[in-house]
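All chains should be built: construct the whole structure from the sequences, respecting the hints.
Protein sequence lines correspond, in order, to chains R, B, W and V.
When we follow this note's numbering, the leftmost residue of the first sequence carries the number 4, and every step to the right adds one.
When we follow this note's numbering, the leftmost residue of the second sequence carries the number 4, and every step to the right adds one.
When we follow this note's numbering, the leftmost residue of the third sequence carries the number 4, and every step to the right adds one.
When we follow this note's numbering, the leftmost residue of the fourth sequence carries the number 4, and every step to the right adds one.
Hints are supplied without guarantee of correctness; some may be wrong.
Identical copies carry no separate label here, and so any pair may be met within one copy or between two of them.
[What the hints assert, rightly or not] Within a straight-line C-alpha distance of at most 20 Å, the following computed SDA-like cross-link-like pairs (lysine to any residue) qualify:
1. Lys268 - Leu319
2. Lys364 - Leu299
3. Lys177 - Ser104
4. Lys268 - Asp301
5. Lys45 - Leu27
6. Lys45 - Val105
The hints are simulated quantities; they were obtained by calculation from the structure and are not laboratory data.
Number of protein chains: 4
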Amino acid sequence: MIGYAFMGAVHSQAWRTVGHAFDLPVDVRLAAIGGRDSVAVKAAADRHGWAAFETDWRTLIARDDVAVVDICTPGDTHASIAIEALAAGKHVICEKPLANSVAEASMMADAAASAAARGVRSMVAFNYRRVPALAYARSLVASGRLGTLHHVRAAYQQDWLVDPAAPLTWRMQKERAGSGALGDIAAHIVDAAQFVVGDLLSGVSGMLETFVHSRPLSGGSGLSAASGGSGVGDVTVDDAAVFFGRFAGGGIATFEATRFATGRKNAMQLEIYGSGGGIRFDFERMNELQFFDGSLPDSENGFRRVLVTEGDHPYLEAWWPPGHPLGYEHTFTHEFRDFLLDVSSGQDPSPSFADGLQVQKVLAAVSQSAESGSGWVEV
Amino acid sequence: MIGYAFMGAVHSQAWRTVGHAFDLPVDVRLAAIGGRDSVAVKAAADRHGWAAFETDWRTLIARDDVAVVDICTPGDTHASIAIEALAAGKHVICEKPLANSVAEASMMADAAASAAARGVRSMVAFNYRRVPALAYARSLVASGRLGTLHHVRAAYQQDWLVDPAAPLTWRMQKERAGSGALGDIAAHIVDAAQFVVGDLLSGVSGMLETFVHSRPLSGGSGLSAASGGSGVGDVTVDDAAVFFGRFAGGGIATFEATRFATGRKNAMQLEIYGSGGGIRFDFERMNELQFFDGSLPDSENGFRRVLVTEGDHPYLEAWWPPGHPLGYEHTFTHEFRDFLLDVSSGQDPSPSFADGLQVQKVLAAVSQSAESGSGWVEV
Amino acid sequence: MIGYAFMGAVHSQAWRTVGHAFDLPVDVRLAAIGGRDSVAVKAAADRHGWAAFETDWRTLIARDDVAVVDICTPGDTHASIAIEALAAGKHVICEKPLANSVAEASMMADAAASAAARGVRSMVAFNYRRVPALAYARSLVASGRLGTLHHVRAAYQQDWLVDPAAPLTWRMQKERAGSGALGDIAAHIVDAAQFVVGDLLSGVSGMLETFVHSRPLSGGSGLSAASGGSGVGDVTVDDAAVFFGRFAGGGIATFEATRFATGRKNAMQLEIYGSGGGIRFDFERMNELQFFDGSLPDSENGFRRVLVTEGDHPYLEAWWPPGHPLGYEHTFTHEFRDFLLDVSSGQDPSPSFADGLQVQKVLAAVSQSAESGSGWVEV
Amino acid sequence: MIGYAFMGAVHSQAWRTVGHAFDLPVDVRLAAIGGRDSVAVKAAADRHGWAAFETDWRTLIARDDVAVVDICTPGDTHASIAIEALAAGKHVICEKPLANSVAEASMMADAAASAAARGVRSMVAFNYRRVPALAYARSLVASGRLGTLHHVRAAYQQDWLVDPAAPLTWRMQKERAGSGALGDIAAHIVDAAQFVVGDLLSGVSGMLETFVHSRPLSGGSGLSAASGGSGVGDVTVDDAAVFFGRFAGGGIATFEATRFATGRKNAMQLEIYGSGGGIRFDFERMNELQFFDGSLPDSENGFRRVLVTEGDHPYLEAWWPPGHPLGYEHTFTHEFRDFLLDVSSGQDPSPSFADGLQVQKVLAAVSQSAESGSGWVEV
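In structure tokens form, the structure reads like this:
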């Protein structure tokens, strides 16, 4: 695993857990963690239970005891690490967004395709697909319970940047992060919407907004610090992105991603309405799916709160009795389970780098629309 | 009052009630109700407590015992009735949307302005402004509790047209209704958003969608029937409208209005986020306002469910003790109270016909954007 | 109608409305309102639309233009007014609790039975039975959807007495009100539970509590003032009542009624669980019923929020389209509708004075249990 | 650790995690797991990551590499294992209820006290104290935010026994489990209520109920199987327990624990109302605390949904950014953290065996009351 900040911590917890929670055909060993700062990465290795650490990701990739490379670094480094790791015959999981540009993502998808031909597998870590409630929502849609799609209404609302004194980090710098709310969180709702619906967006119209244009530099170092030292630095990405679009097979969608929704902490929300029913989800209540089954009589009908903690819900065979909530970290535990099962059985995991590229194209279309008067842009 | 369908019934209930609930400087008498079908309008007069009825709206306007004309007819008749009533010196309340076109709305606003100069008053019936929770939300924003505006997220979701066998009515015919979800319900959330925020939209980008293009004709008559007899008729308006925009003073907004959100009945929703806090509202729970006060410590903070039923909440001095819900009809009772108080004191009621015209311009801009590849259109 | 405080206002609104909302075989006229304070009762008559007023309830009963007597006074006056009105051949609606003692309630029930034999009808005003959601809940239970009853969990939580400086009123004086939370609000949940379940409590065990033993006297007059002038007066009733019981046909129940649940305004709550499903209700969201239908597959099941605003829900034919909330006042509008239809068709309305007596017996059993170490008391 | 069923699995996950999530002065090693069935316990050891296994708990206790004994077996075995382990100088964590009788619990408390004098520590595993939302609720109450206590309303609702065909397990046999819902889940809400309030119950009045008196025997073996082979067996414990009580320092409380609340899965609920505010909690939404702060102005007040996921909430320094939910398992992770910190620093962990004994006395008082006509029983 490369990267040891927030994503590094939660990935570690999932790697430690996956082999105990699920029956897997392989043993999971936390071989080595990589990072540039030797003191910090050593501390992370100790804390998170990794057997070794490396300060050069190339060395880490080259290790014999490493079979899977899990990339948790900022987006500007994804392409080079992933391509090299695949070339070295290592299976790769890469955090989203796949890359900071369509061009990079495209190279990565090409690399993944040629690696797959050699039996080397890859996956982009859109972990929300592995929220049991969303995996279950996908199964409801796939089985036709929602009928013909009419509407998707998606939002990802956070508020951690409302305070203009919040310091600049790499997530607010275009050269590191590629974009702001767009690539960081809109990417999740685009992927989740397409995943649950089972169709792809064919075009979009969008608008980006930066509310706070400069922020204090924290002066810190390490992965989460911004480049540029102390003082004040420019925010060069969007604070919020809003857009609407159409699905190839019909149905329209709206998206809103923001770090300025005061009071919302991690409200990744998805509503889907079809001719046969409706679905509503909010990650702040990740164990619940609101489901309206249009086939019931009107007088007794309503959205029902399905607690997605039953034994026959997706991934729930590993966990606790009904009504005992699961937490965020297990979106990754489930992701790694699926990845390891696919790798073991010689299948390509999903979402693939090609799927990541397609999301990247949607985001690029939003940016292009936003830069040209919000006019329609085909994906 | 002219018109006796759904709006006629609820307006009647409010007219019967307003004088008993509030201290008013005038007596309220339900003088006469108008409609073209004499049998139906007589029945409506009896049922709803009107002293007389007329089958010709011009005769109704001319009556000496009519001081206020309340227009509840489809949008294509608003302009002629309102302009003639104002000319006759009658105060006018007109249902929304003000008219089916900017041109008509503009004539009405001109007529209203010149009538006001003669002491004749007018109001467009955006009744959601008189939901106590939204009036209270306006007071919170006006007092600065939300700080600088960042986001509005508005939706008006209904599902009464999801069934393709639902019959065609005048509300689905462009020549009668002007537009579909756009004029009928998007109008409400545009007005409500602008009202609560206290600012106007300066530009929009939008998309319209018709999911079901033809519907059975019911063969009925009367105001709610579609023109055209029996068989199948064309739906010539939008089933859904989505758009985003910017406020003149800063802040961005998204809007979604649909009659195809399966499971949502009358979910007129408004979220507002500013630098100081957030507000969330859903008309299906009309007595509640979710309020996040950003000035409290993070660890104990959260959206609080304010039951807007306290004695010092807007309009609540007329009603019941805390915790006893109010119903939809009183949005009109409150509207008529405000109208009568303003008329009595010689003030122009709000929202004025000019306000109705401005909303009409926003809707026209959405239509224009939708017809031209969703590009940005200034309001 | 006798009494013109809170209950007088809301009853008046319902009497004014019922004939316009529903098809009734009789005309409703607000003939006369009674109260002891001539200035106040005249003002109430004007405000609420009553044609006349009387300061002596015996005179009011004697009027030829009065066919129905609606008793909204404190409980200590119910028996004498109701018995005299029935004797005079007037139909009677009496607010709950029916009386302040079982003895009085028993006399009233006897009087009602003998009046019924002469075609004179009576009803006790447990208005929560006419909340559409609870009437609908009753129909679900009656049709067997909940199966065998296991649990009732009921609560009525208010907080208007938490402040020890809240003044003493007649509602806190035993000689006027009979009891406190027990008779005022526990009465409602006992009746509602028995109504929805369709069975009667056979025994109870209970505890009463008074948190604040003396309160300032407001020094006011009129119906809501306490007896005793200014200064400080003793609270001689319970602030809260908790008890559990058994239903005759099986199933156990818990009840909690309090005026000290800080933050709850009028939270009249009912949960019912049977072998076939569950129901949850909170009057603060009076238009919603949470329904769990146990016959659906576990994986897709959950409580569904039924918006009880569909045209085929109880009483809803009179009102608005789906999703448009009703308010508290219409629990009385519905009650009067049912009363008038029964009177017109020569049927005994429900709940009868005998039903009111049975609730009184339950409350008396709770008091008796509370006074004797919470031991079990048969009803 | 002794025991490897549901509790064994979740305890294992917490033991594997605690050292990685928190800074601890000790290393955590999963030394050995105990169980009587050698095949099953070996499988559990492999699955859950234990280095060794034992089929005799005495052997396990005697191992040199075991410093802490974690008892996850049915209640009838707690006393002998715990007392022997303490005597052997091992620190002990024991699942709740502490024992199946007050007598056993009393012996255990005595053993714990004498062990503590030798520096050997013990704790009873009321894990709900370590739900961050409840730990935070405790801090709010402790700091006086709720003022004087008036009401506790607690319930623990499950529905896994509603189906009469659900098989008999040891949890429904008095000789193994001691009691049913009373000891299994009422124990949790008694402890949680006393913990959050910071006071003890001084007396109770209660009622127990068994709805289904015999159930099919599954014929299985192992810890979760019932004794008795195949066929049908008697349910000898309560399916539901309801009771009310008083706190020593004032304030009244109601409790309801049931396995028959159809539709509720693991709804451990707690409401607390004091003179200064109110708190509401439902474990099905374990990351949320509803808090009403009575010091705010009425017009803007309401219960606020605190997402207990901020960095300064109890235990949250170990986890993810705000808005990312935690799951059930970490109630144990937190418990083990606190236990290990206390053991390391030579302090007695809380809740102690004495605390477990006190809860046992409350449960015994409820049983005694239920057997004697629900009369009041002092604790």
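Worksheet entry | Index of numbered hints that the structure contradicts, given in increasing order | Hint check: 2 and 6 fail, others pass.
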